[in-house]
Every structure is written in C-alpha cells, then in structure tokens.
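Chain order of the listed sequences is A and B.
At position 150 of the first sequence (counting the first as 1) the number is 149 in numbering that gives the first Met the number 0, and the numbers step up by one without a gap.
At position 35 of the second sequence (counting the first as 1) the number is 34 in numbering that gives the first Met the number 0, and the numbers step up by one without a gap.
Quick caveat, the hints were computed from the structure, so don't treat them as lab data.
By construction, the Cβ of each residue, glycine as well, lies at the ideal position given by its N, Cα and C atoms.
There could be a bad hint or two in this list.
Restraint ranges, calculated between C-beta atoms of paired labels, are given here [stated by the list, open to error]:
id	chain 1	residue 1	chain 2	residue 2	range
1	B	A28	A	S105	38 to 46 angstroms
2	B	R36	A	F99	32 to 40 angstroms
3	B	A63	A	V48	40 to 48 angstroms
In silico negatives: residues of chain B with every beta carbon more than 10 angstroms from chain A [claimed, not checked]:
id	residue
4	V62
5	A77
6	L78
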Amino acid sequence: MPDDADQPFDLAGCLERVRQRDQAAARELVEHLYPLVIRIVRSHLPRRVAEEDLAQEVFLKMFTRLGQYQGAVPFPHWVSRIAVTTCIDHLRAQKRRPEFRWADLSESEADVLDAAMTNENDVAANDALAATELVQKLLAQLKPDDQLVIRLLDLEQKTIAEIAQLTGWNQSLIKVRAFRARRKLQKLFQELQRKERA
Amino acid sequence: MNHKTNDPRGAWQRLAAAARQAPERQDTAAPYGFATRVAALALAQEARVVSVLERFALRAVGVAALLALFSVALNYEALAPVPAAAAPGIAAYDEPELAPTDDAVAIVLGLAD
Chain A
0 MPDDADQPFD
10 LAGCLERVRQ
20 RDQAAARELV
30 EHLYPLVIRI
40 VRSHLPRRVA
50 EEDLAQEVFL
60 KMFTRLGQYQ
70 GAVPFPHWVS
80 RIAVTTCIDH
90 LRAQKRRPEF
100 RWADLSESEA
110 DVLDAAMTNE
120 NDVAANDALA
130 ATELVQKLLA
140 QLKPDDQLVI
150 RLLDLEQKTI
160 AEIAQLTGWN
170 QSLIKVRAFR
180 ARRKLQKLFQ
190 ELQRKERA
Chain B
0 MNHKTNDPRG
10 AWQRLAAAAR
20 QAPERQDTAA
30 PYGFATRVAA
40 LALAQEARVV
50 SVLERFALRA
60 VGVAALLALF
70 SVALNYEALA
80 PVPAAAAPGI
90 AAYDEPELAP
100 TDDAVAIVLG
110 LAD
C-alpha cells in the first residue's frame, strides 16, 4: 500500500479544490506551505509580534488574493512574496527603533562584538547564537526596507535578482538600500568604538 | 576591548558570517490546529465578503427601482397620453384652418386673414 507521505503534493489540484471552497484542501495547503512561510516570518519577525500571528496573517492574505493568482510564477514564490510584504508592513508600522547601547549587551554579545570589530580573531563558531542576537539588535537600528535588504543579502545570501523577485523592488533600488544600510552599520560600529573608548 | 586593528567596514561582514553559523530552528511544521483554524477563518472571511457584496447588490437594486418609480411619478404628465376631449385647445392645433394667425410665416405668405 503506498504511503501518503511519499506522494508528491498535488498543488494544482489542491488549489482547484480550495477555489471550490473545500476546507480540507485549504487545510492541506496551509500545512504544505507552513515551513516556507514560517522560515520567512522568523527571519524578518518584527519586535513584539508573535510568529504564529504573522504566519496566520500571511495565509489569510493568500486565501483572500487567491483569485488574483494567474500562475505566472510558481505558487510558492507568490506566497513568499506575500510573506515578505506582510513582514515589511509590520516592520514599517513599528515607528520607534530601540536604542542600541553597549551597556545593554550580554557578556557573550559584547565578546562577539569585540571580536567582530577587531581583525585579530574571528568570531568563535560557538558564539553564533550571541552573534545572531547581536545582529538582530543592530538591524533593528536600520529603516525597515534597509533591514529587509541587508537580511536577505548578508544573512540569507540571496542575490539581488532574487531579492527583486521577492520584494518587487527594482535592482538599483535594492543596491542603493544595501549601500545605505551598510554605511549606517559602519557608522554604528564606529560610534560604539568611540563610546567604548570614552 | 582590543582596539589594535579596528575595521568597522569588515566588522559587519564578520558578524554576519558568525550569525549564519547559528543552527536554523528545525520545528517548521504547523502547530497543532493551526491549519484547521486558518482554513476555517479564510473560508469564513471569503463568505463574509461575498455576503456583503450580495447585500450591497440587493440594496442597489432597491434604490434603482425607487429612483425609477420616482422619476416616472415626476414626469407623469409628460408621459401620460392626453385624451382629445379632455384637452380641446391642444386638439384644435391638429386642424389646419384653426392655426393661430400670428404665425410669421403665414403672414409673409399671405395665408393669414
């Protein structure tokens, strides 16, 4: 007897059934796309927003706009774009950016920052979690659009073309945002060094 | 803190490289009940949108019917057929010999008495 888990997911058939308001098909579609959506949501999660709430919002938007899906791009790409734009909308809604201070860093975060700011030693691999926390704090200082670009470029290592496809922004705009974001990060590091010396 | 060889330009790249080493969370399956809840909400939301449209469509039909009735009532006199006996003045114009004599064309052509 063939196992259901081994069968490839029939996305086209499932979408057709969802269009006919089949609740079981809608549930299957959510379960199938959840890993994709939650990865995007987790990497661009704004402060004080629960990942599950954001994922739910993405899926509700997906169902609402399902009639607009023409099949020009693969369905998961289309859903990824909805997820990215939903995250950016939430990031934009957060007007205030938390202040970044050396004193607020944990010991391991301060060590990682110290290692990153000096060329002498690389950041230890076991400090990856502290580095992630620190990166989140630094990125929170940037404008939402710049945050998104720098996350996709430097953390997820996506190409400019892939980012353009995901966000709908043109490639020049993405390059400008990346340049602006890196310059701001550079300034932040310099400021931190100056304060630390003082 | 070591300040011997500070390089703020490369600091971000080193930090990002370290952050990329962090293990990705593996729990990517939908939490229990999530898919059911979202599917139910999505279909309910869709039904609500349809019912709102239906309601607006019915209201629009009602308003259109009322407007049609109102305009007919307002222009009733113009639209209603006028019986000849009820309006002798109007019927008289149908007779050529009873045409008014102050017609300029009739005067010029010498038709007026």
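Hint by hint, here is what the structure shows:
1. Under the hint 38 to 46 angstroms, the C-beta atoms of B/A28 and A/S105, about 31 angstroms apart, miss the expected range.
2. Range check, B/R36 to A/F99: about 37 angstroms between beta-carbon atoms, so the 32 to 40 angstroms window is met.
3. One distance hint, 40 to 48 angstroms for the beta-carbon pair B/A63 and A/V48, holds here, with the actual separation near 46 angstroms.
4. With 10 angstroms as the threshold on Cβ separation, the claim that B/V62 sits away from chain A holds: the shortest Cβ distance comes to roughly 28 angstroms.
5. Distance check on B/A77: its Cβ is at least 47 angstroms (rounded) from any Cβ of chain A, clearing the 10 angstroms threshold; non-interface status holds.
6. With 10 angstroms as the threshold on Cβ separation, the claim that B/L78 sits away from chain A holds: the shortest Cβ distance comes to roughly 44 angstroms.
Of the numbered hints given earlier, the model fails hint 1 alone.
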